[in-house]
Amino acid sequence: MKKWSMQGFFKWLNNSESSTKVISSIIAILGGLLVGFLVMLAIDPSKAGIGLWTILTGTFRDGTRSFGQTIHYSVPIILTGISVAFAFRTGLFNIGATGQLTMGAFAAVYVGINWTFLGPLHWIVAVIAGALVGALWGSIPGLLKAYRNVNEVVASIMLNYIGSFLSILLIKTYIYNQELARALSPAASAYLPRLSQLITTHRSSLNFGFIIALIVVAVTHIILNKTTFGYQLKSVGFNRDASRYAGINEKRNIILAMTISGAIAGIAGATMYLVPGRLMTIESSLLQEGFTGIAISLLGLSSPIGVLFAGLFYGALEMGGFYLQVTTRFVPQIIEIIIAVIIYFSALALFFQKYVQFVINKVVPESEVGHE
Amino acid sequence: GGADTFEIAMITDYGDIDDESFNQGTWEGIVEWAEANDKTYAYYRPSEVSDAAYLESIELAISAGARIVITPGFLFSAAVGEAQTLHPDVSFVLIDAVPNGGVGENTVSVLFAEHESGFLAGYAAVRNGARRLGFMGGIAVPAVVRFGVGYIAGAYYAADELGVNISFPANRYVYLGTFGPSDEVRTRALSWYQDGSDIIFAAAGGAGTSVMSAAEAANKFMVGVDVDQSYLSTSVLTSAMKDLGSAVATALDGFFGDSFPGGQTLTLGANNNGVALPNDFSRFVDFTTVDYNTLYSRVASGAIDVPASHAELVSFFSAQGLTGLDIGASDIQP
Amino acid sequence: MIPVIEMRNITKTFPGIKANDNVSLELRPGEIHALLGENGAGKSTLMSVLFGLYPLDEGSILVHGEEVEIKNPNDANKLGIGMVHQHFKLLDNFSVLENIILGFEDTHRGFLKYDEAHQKVIALSEKYKLKVDPDALIRNISVGQQQRVEILKMLYRDADILIFDEPTAVLTPQEIDELLNIMRNLTEEGKSIILITHKLKEIRMIADRCTILRKGKGIGTVTVKDVTNEKLAEMMVGRKVIFNVDKGPSKPKEIVLEAEGLTVFDSLTRQSVVKDVSFKLREGEILTIAGIEGNGQTELVYGLTGLKPIASGKLLLHGEDATTWSIKKRNEEGIAHIPEDRQKYGLVLDFSLENNMILQQYNDSRFHHRGFFKFDAIRDYAERIIEKYDVRSGKGPLTYARSMSGGNQQKAILGREIERQTNIVIAVQPTRGLDVGAIEFIHNTLIKLRDEGKAVLLISLELDEVMTLSDRILVMYEGELVGAFDPKKTDEYELGLYMSGSKKTEVLS
Amino acid sequence: MSSFLDLMYFLVPLVIASIVPLAIVALGGLFSESTGVINIALEGIMVMGAFVGIVVMRLLVINEVFPLQMIAFIGLFIGAISGGLYATLHAFASINMKANQIISATALNLFAPALSIFTARFYFGTSNLNIGANFLIREVPLLSSIPVIGPLLFTDAFLSTYIGVFIFAVAITLLYKTKLGLRLRSVGENPHAADSLGINIYKIRYIGVIISGMLAGMGGVIFVLSFATRFSGTVSGFGFLALAVMIFGQWKPKGILLAALFFAAVRVLANAYSGIPGLQNLTIPSEIYSMLPYVATLVALAFASKNSRAPKAIGEPYDPGKR
Ligand SMILES: Nc1ncnc2c1ncn2[C@@H]1O[C@H](COP(=O)(O)OP(=O)(O)OP(=O)(O)O)[C@@H](O)[C@H]1O
Ligand SMILES: Nc1ncnc2c1ncn2[C@@H]1O[C@H](COP(=O)(O)OP(=O)(O)OP(=O)(O)O)[C@@H](O)[C@H]1O
Ligand SMILES: [Mg+2]
Ligand SMILES: [Mg+2]
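Protein chains in written order, with my numbering: chain A, 1 to 372; chain B, 1001 to 1334; chain C, 2001 to 2509; chain D, 3001 to 3323.
Hints are supplied without guarantee of correctness; some may be wrong.
As the list claims (entries may be wrong) - Restraint ranges, calculated between C-beta atoms of paired labels, are given here: (1) B:Gly1302 with A:Pro45: 33 to 43 Å; (2) C:Lys2328 with A:Asn114: 53 to 63 Å; (3) B:Thr1234 with D:Val3140: 14 to 24 Å; (4) B:Gly1196 with D:Phe3124: 34 to 44 Å; (5) C:Lys2328 with D:Ala3302: 21 to 31 Å; (6) D:Gly3315 with C:Gly2110: 24 to 34 Å; (7) B:Glu1035 with A:Gly49: 25 to 35 Å; (8) B:Ser1309 with D:Val3012: 38 to 48 Å; (9) C:Asn2093 with A:Pro45: 54 to 64 Å; (10) B:Glu1035 with A:Pro45: 22 to 32 Å; (11) A:Gly49 with B:Ser1309: 48 to 58 Å; (12) A:Asn177 with D:Leu3279: 46 to 56 Å; (13) D:Ala3302 with A:Thr116: 33 to 43 Å; (14) D:Thr3088 with C:Gly2110: 39 to 49 Å.
Claimed, not checked - In silico BS3-like links for lysine-lysine, alpha-carbon gap of 30 Å or less: (15) C:Lys2201 with C:Lys2503; (16) D:Lys3203 with C:Lys2078; (17) B:Lys1039 with A:Lys172; (18) D:Lys3254 with C:Lys2113.
Claimed, not checked - Which residues of chain D face chain C? A few of them, derived with a C-beta cut under 7 Å, are: (19) Arg3121; (20) Thr3155; (21) Thr3178; (22) Lys3179; (23) Ser3186; (24) Asn3190; (25) Ala3193; (26) Ser3196; (27) Leu3197; (28) Gly3198; (29) Ile3199.
Worth flagging that the hints you see were computed from the coordinates, not collected in a lab. Since the structure is predicted, the reported quantities are computational estimates derived from the model, not experimental observations. Each residue gets a CB set at the ideal place from its N, CA and C atoms; glycine is no exception.
Construct the complete structure from the given sequences, taking the supplied hints into account.
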C-alpha cells in the first residue's frame, strides 16, 4: 500500500505538468521570504528573526480569530485573482478588475440599502446585483475588443477611472450619508451571514463571502477544465486563428470571458462592502484589491485552485504584517516588498521548472515511474 | 512572543502618521509628551478601513500593553464605542467624535471648534487684502465642513469691518473628493488663481500640497490646515490649526496624573487655546500679531459666536448684518 | 588548390534528433556544389552551422585552408559567407532597403547613410539583373522578388561564398532558369556556391559536384557528370526509387462545390487578391489549383472555408448558396480543410493531441453530455486517429502538439480532417516539409479519398506533385484563373508559362 | 479671463506640462515594446525614478550646493539612471529567463512603491519627501518677451518641459535615423531575421528595455516636479495612462504625441473648467468633468483601433531553436 502510493507520488512528480509548476512556485515563495528576511536583517538584525517568524505564524497568533481574519481578508483577493485569471486563460489581460469591483460594490450596496423587502434573500440578491453590474462593466472592454479591436488593457485602464468617478457620483446621488461623507450602510438583512459561530470564535469577521469564493473557485475550475465552453475559451486564448479555423466564435468568447471576469470582480466588490462597519467612500482613488488580484492570479498560475491557495497565502502574509507591528517596528510595507519579490521570482518559474524537471529526472528512479 | 510593551498607543483611521496634518499632528503630540515623561508609545495601522479592523487594531495595541489608546478620527466612533465596554480597564481618547452609545467612563472625546480656526483664517486673509476667496475641502466630513463654514464667516466678517466687498461665489467652495495630491487638484487650483482668486483655503490634507504648488506657480497665497504648514511652501500665508498636541497632552497628563477626565467630552476651541493660527505673521502685509490677538480674544470670549453649520451661518449673517452670502446649504453639505 | 570551405566531421544534435552525424563537405573555388537530401536529412542544419546560426557539437570548419570558429552570422559575413535561407528571413513591414542594410549598416556619425546604400543597391540589382524597388515594403512584393532581396543581402555584404537553401522551391521553371543563369555569372566572377535542392535536373543543369545527405549522415560526394539521376536518387533515399504513384482514372460524379465569380479582398490593402474566380468541383475527382506562392490561392481557400469574407460572387455547396455561411456551418456542411499553415491554423500547439483531434467536433454529442466532456470518448477517438494515421509522438494522446515533429503534426491534422467524414476535402500544400515516406502516405490517402467518391481540392506549388495527383489542373496567376489543363496533355514547362503569367487563356469551367 | 488669448496663455502651459511626462513615459514604453518586450512596469519604474531622483534633489536643495535649475537637471538625470537600472530587472527576467513579461512587470509595479515608502520611512521618518523648493521658471530670459509665443511657451514653465521636448526629438531621430534605431525596431518585428543578420537579439532588447527604464524614470521625476511639491511613493496611475497613450498612439512616436496631446488637453479642460468663464457656472457634477478624459479616450479608441499595429514579435521570449 505504502509502496504503491509512493509510486503514485513519483508518477505525479514525473508526469504531471502541475508538479514542476507547484515546486517552482514554492521555490519562488522561499526566495521572496529570504529577500524579505535580508531586508529586515539589513535594517534591524536583532529583530529580523522574530520578524520573519511573525510573518510566517501571524495567522495562528490569535488562534481561531486571527485564522478567521486571515481567510476573511483573502476573500476579495481570491475573487479578483480568479477574475483576472479567468480572462487570462482566454488570452485577455483584465487590468480592469478594480473598476468592475467598484461598480459591483455600488450595485450590491445599493440593493443592500434599498431592497429591504427581500427578507432572507436580501444579501443573496445584493451579491447577484454586484455580479451583474460587474459583468456589465467587464463586458464593455470585451465588446470593444471584439467589435472595434480596442486593446482591452487600455480600455480597462480607462474604465477603472470612469468606474471610480461614476460610483462616487452614484453614491452621492442615491446612497449618501452626509454625517460620514460616505455611503450609507446596507441593511442588516443584506450583510453576508457570519460563519464565526460555525468554525471560529465569535471574534472573527469571517463570513459567507468565503463560501462564495469557494463556490466561484469550484465553478470556474469546472468550466475551464471540464466543459466545452471552457474548451472554447482556452482554445481562443491559446490560438485565435486556429479557433476561427475550427469555427469557434472568437468574438462571442472574448465577450463572455470578459463578462464573466467582470462578474467575479463584481462579486468581490459585494463581499467587501456587504459587511457591517465598512462603508464605500467617495474618495477618487482606485481600490487596490483589483491590482493585487493581478499579482495573485499570476502567483496562482492563473488556475482557480492555484489562485485559491495564492490568495490564502497572501491573506496569511497580510496577517503576519499586521502582527509585525507588535513584535517588531518594521513598517508593514515589508510585506508588500516580500510579495513583490515572490511575484518576481514566480516570473522566473520557467527557469525553475526546467531546473526542477532536471532534478526530478535525476532523483526519481526510472523503474518507479512506469511509463504507460 | 517576547514583544516589548507600549503603554500609549495610537491607531490611524486611514492614511498614515505622516499625512502632514491630522494623524501626524496627533502622533507628534504623543511623541513629544511621551519623550518628555518617558513613557513607551507606539502606533498601529488597521489592515483595512472597517470597524472590525479598527477594533482588531485596538485590541492588538492592548495586547501589546497599551493602557491608553488614542484614536484620531470620527471613523472610530463605532470601534471605540465597542472597545470601551469590552476593555473597561483601558482608557480611550477619541478625537473628533463621540463614541457610539455615548462616552464611557474610561473614555474622553475631544472635539475641536474647527469653525473658529477657519474663522480666524478667513478673517486674517481678508484683513490682509484678499478680496476673492476660494475653499477646497478634501471630503465633506464634519471637521472639514466646520473649517469651511468658519472660513466663510470670518471672511465676510472682516469685509464688513473693513467696509469692502469680497467675492466668494458658490463655485469657489468645493470638496475635492480626495486628500491626496494630484495634477488634477493643481490644475483646478491654478485655474481659480488664474481666474482671479486671491487665496484658497485647502482643508484637504495632502491634496493641499498640490494647491501650494499651484499658488507658487500663480504667485499667490493659500491657507494650510490642521498644523502649521508654512514649512511646506512659501505660498502658505497661514494655517488654520487645531492644537492636537495640547489635546493629547491634556488627556495624557490626566491619565498618568490619575485625573483622567473619563466620561467627558472636551471641546477645544479658542476659549481653551484648542485652535489658533501660527503666531508668525511675517508673510502678512496688513495683519499683525496685535490684530490677531484682539480678534482671538473676542472669539475666545464668545463675543463673536462663530457658526459651525450652514444654518448657523445664515443666522450669523443676519445677526451681524452681513450680506452677500452666495454659498448655499447644498454647497456646504453636498 | 585549397578549397574555400572545408567542413570536417560535423555533428549537430537537437533535442530528440541527430540532425548532422559526422558529415564532411568540401567547396572548391568557383564551383557550384549541390547538397542533396530528403526533408529532415540535415541540409539546412549543416549550412546553418556553416553560417554560424547553430554552434557545432563536433567537427571543424576551414575557410581558405585556415581553421575558423564561426560563432554567429557576423563571423560568417567577415569570412565572406552569405546565405539565402530556405524560409526567407525578412521583415515584412520594413522596406527592401532596410532589409538589405540591416546588420551591415554604413553610418556617418551614427546616422544611417540611406542615400549611398540606396545607390549601391540599385547598382547591384542592375549588375546582376535582380530587379527590385528598394523603397517597396517586403509585404507588398512577390515571393520571387523577396528571394532577390535575399540574394542582394549577400551581394551587398560582398560575400564570395554563397549558400542557396532550396531557392527554386518557390519559382517557376522560367524563374528557375533566370536564377541558374545568375548563379553562373556569379561563379564566373570567382564566387563559389553551395546549392541545396531536391531536384535532380537542376543539379544536372548547373552543379559541378554533389554531396548527398541521408538521415543526417554524409553518404558521399560525386562529380555530377559521372553519375546518373537514378544513382543520385538512390544515394539520397537509400533504396531504388520508383518515380510514380499508382493511380487509376477518375470517375467524376455530381458537383458538390461551385464557385461563381468569387472575389476576395486583402484585409490590409483592401484590394482584391482573388478576382472573379469560377470553377466546379465534382465528387470523385482531384482538382488541383497550381500557381506560385502569393497568387491568391491562399485567399481563395480562405474564401471557400470562410476564414475571409467573400466580397462578391457566389459559393454553392451541394447546390445551396453558402456565400455567407459561418465557418462552423461550412465545417458541418461537409468541408474538411487541411490548412497551409499547420501551426497557425491547423493546431492549438498548447493543447494536447487529443484536444486537437476534436477541434471542430468538441460540440458533437459523441464527446460531451450537456456541455460536460466525455473524456473517455475523446481519448478513444484520438487513439484511433493516432493508430490509423501512424502519428508518432512521445506521450500519445497527451502529447502537447508543440513538441511534435512537423510531419507528425501534419499527419495528425490530415487524420482529424479525414475522419470527420466530409465529402469535400480542401488540401493546401499537404506535403510541404515532409519526407518521402510521409509524402507517399499522404498522396495515397488523397487518391483513396477520391476513389471513395469524395471531392478533393488540392492547392500545391510543387509541380511534380501537381502532375502526379491531379485529374484536372487550374492555374492561378495574380488572383485569376489563367488556364485549365488535363495533366496527361500538358507538362511542367507549359504550366510554368501560365504560372508566371507569360501566357493565359479564358478558363471555361 | 478677458480674452481668448489669455485663456490660451493659461491653458497651453498646463497642457504642455501634462503632455511631457505622459509622452516621455509612453515613449519609454515604445522603446521596450518595439524590441518586443512588453513593459507594463512603467508605473513602477516611474515611482522608482521619482523616489531616487527626489531624494537626491532634496539633499542638494538642503545643502544649497547648486543653483536650483541645475538641481532639477541633476534630478532628472538621477531619475533616468535609477529607472534604467531598475528596468534591468525586467530585462533580465524577460530576456534571459524568458519569463512571462506581464508577471515580472507586475512585480516591479508592486515593488517600487513598497520599497520607496519603506526606505523613506526608515531614513527620513516620513514617506512624504518634500523637495523644499519650487522649480518653476517664471520667465525664460529673452524668449519670454516674444509676443504670443513668449507667454505661451516661455513663461511659468518647467525646465523639465524643455528637456522633455528635446529628449523626444532625440528619441525619434534615434529610432528612425540611426543604426541602433533600425536594429531596435527590427528585433521587435522579426528576431529570427535580425539574428540571421548577426544582430545580437539579447543585447538589443536589453538596450531597448534600459532606455525604456531611463525615460520612465525621468518621467517620474518630471511628474513630481510639475504636479506637486512632494513625493509620497506614488505617481497616481500616470504610468498606466502612459501605457494607454502608447497603445492609443499605435506604437509610433507621432501617434504617441497626438494621443498625449489629446488626452492631456481633455484632462486639463476637465479640471480647469471652473476657471473658464463659459463653463464655470454650469451645474454639472464635477465627477462628470473628471470622467471626461477617460470617456473621450475610450470613444477615440473605438474609432482609431480598427487595424492596430503592435510590433509583431511582442511578448515572445526569443528562442533561436524555434523555427
Ligand atoms: N532548431 C531545431 N530544433 C530541433 N530540431 C531541429 C531544428 N532544426 C532542424 N531540426 C531537425 O533536424 C533535422 C534536420 O533538419 P533540416 O532542416 O536540416 O533538414 P533539411 O535537410 O533542411 O530538410 P528540408 O529539406 O525539409 O529543409 C530535422 O529532423 C529537423 O526537424
Ligand atoms: N523548434 C523546435 N524545437 C525543438 N525541437 C524541435 C523543433 N522543431 C522540430 N523539433 C524536433 O525535431 C524533430 C523533427 O522536427 P521537424 O519538424 O523538422 O520534423 P521533420 O524534419 O519535418 O520530420 P518529419 O516531418 O518527417 O516528422 C522532432 O523530434 C521535433 O520534435
Ligand atoms: Mg523538415
Ligand atoms: Mg532545409
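Okay, the hints, checked on the actual structure:
no. : hint                                 : result
1   : B:Gly1302 with A:Pro45: 33 to 43 Å   : 58 Å, violated
2   : C:Lys2328 with A:Asn114: 53 to 63 Å  : 44 Å, violated
3   : B:Thr1234 with D:Val3140: 14 to 24 Å : 21 Å, holds
4   : B:Gly1196 with D:Phe3124: 34 to 44 Å : 38 Å, holds
5   : C:Lys2328 with D:Ala3302: 21 to 31 Å : 27 Å, holds
6   : D:Gly3315 with C:Gly2110: 24 to 34 Å : 30 Å, holds
7   : B:Glu1035 with A:Gly49: 25 to 35 Å   : 29 Å, holds
8   : B:Ser1309 with D:Val3012: 38 to 48 Å : 42 Å, holds
9   : C:Asn2093 with A:Pro45: 54 to 64 Å   : 56 Å, holds
10  : B:Glu1035 with A:Pro45: 22 to 32 Å   : 25 Å, holds
11  : A:Gly49 with B:Ser1309: 48 to 58 Å   : 55 Å, holds
12  : A:Asn177 with D:Leu3279: 46 to 56 Å  : 30 Å, violated
13  : D:Ala3302 with A:Thr116: 33 to 43 Å  : 40 Å, holds
14  : D:Thr3088 with C:Gly2110: 39 to 49 Å : 23 Å, violated
15  : C:Lys2201 with C:Lys2503             : 24 Å, holds
16  : D:Lys3203 with C:Lys2078             : 20 Å, holds
17  : B:Lys1039 with A:Lys172              : 44 Å, violated
18  : D:Lys3254 with C:Lys2113             : 23 Å, holds
19  : Arg3121                              : 45 Å, violated
20  : Thr3155                              : 35 Å, violated
21  : Thr3178                              : 5 Å, holds
22  : Lys3179                              : 4 Å, holds
23  : Ser3186                              : 5 Å, holds
24  : Asn3190                              : 5 Å, holds
25  : Ala3193                              : 4 Å, holds
26  : Ser3196                              : 4 Å, holds
27  : Leu3197                              : 3 Å, holds
28  : Gly3198                              : 4 Å, holds
29  : Ile3199                              : 5 Å, holds
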